[in-house]
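Turn these sequences into a full structure, and let the hints guide you.
Chains as they are written, first to last, in the working numbering: chain R, 1028 to 1138; chain A, 47 to 158.
Please keep in mind that the hints were generated in silico from the structure rather than gathered at the bench.
All clues stand as given, with none of them false.
With a cut-off of at most 25 Å between alpha-carbon atoms, the simulated DSS-like pairs for lysine-lysine come out as follows: (1) A:K116 x A:K49; (2) A:K117 x A:K101; (3) A:K64 x A:K101; (4) A:K49 x A:K117; (5) A:K103 x A:K117; (6) A:K64 x A:K99; (7) R:K1083 x R:K1125; (8) R:K1069 x A:K49; (9) A:K101 x A:K49; (10) A:K101 x R:K1125; (11) R:K1029 x A:K103; (12) A:K49 x A:K99; (13) R:K1083 x R:K1133; (14) A:K64 x A:K116; (15) R:K1069 x R:K1125; (16) R:K1125 x A:K116; (17) R:K1133 x R:K1029; (18) R:K1125 x R:K1094; (19) A:K103 x R:K1125; (20) R:K1125 x A:K99; (21) R:K1125 x A:K117; (22) R:K1069 x A:K59; (23) R:K1094 x R:K1029; (24) A:K49 x R:K1125; (25) A:K99 x A:K116; (26) A:K64 x A:K117; (27) A:K99 x A:K117.
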Amino acid sequence: QKEVEQNSGPLSVPEGAIASLNCTYSDRGSQSFFWYRQYSGKSPELIMSIYSNGDKEDGRFTAQLNKASQYVSLLIRDSQPSDSATYLCAVNVNNFNKFYFGSGTKLNVKP
Amino acid sequence: DVKVTQSSRYLVKRTGEKVFLECVQDMDHENMFWYRQDPGLGLRLIYFSYDVKMKEKGDIPEGYSVSREKKERFSLILESASTNQTSMYLCASNTGTYYGYTFGSGTRLTVV
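Spelled out as structure tokens, the structure:
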């Protein structure tokens, strides 16, 4: 079992819709969770972090964390074609400052 | 604007060569990391460092070594490049567990 799992997609949504990206992790001791966006040929850029159960909102992005279910999600409201990218979930390992990444979910937002 | 700079965007090296990938950050971060990214495999941690002259093995350290002589610089060394080391190499830094990474722009290495 991989430490961090994501559906590779592609996930296709129409412009203006809500995109929902999901991630599960195996280490119950994990305490910090991040979402990165990676455009083709570019390096990942941090878009959201979450540490406590519940929701955290930042503009059009909402991160959701459920530690009991070992589940993290990212919602993108009012999706735009410019949101088309691969989204990576990252989870810290054994309370250390070391992170495992999922293999990413490719999102396509169609105009 | 804070930055992590990787010295080369593209590199082509021959099998058996010793290869140096350089990474410099200007954020005074204690922690620096080297990952490689391959299609279908995601990002895999090669080595990381929590302080000058300190290094820790990641999940795939075989065939690699690192050097951190100064806080701002973390070098990845391929001792004898092989074709299976063809990959995108990403350097990152942060300041603690609750802080995300800042990544460099990546080095796409091709070993022929």
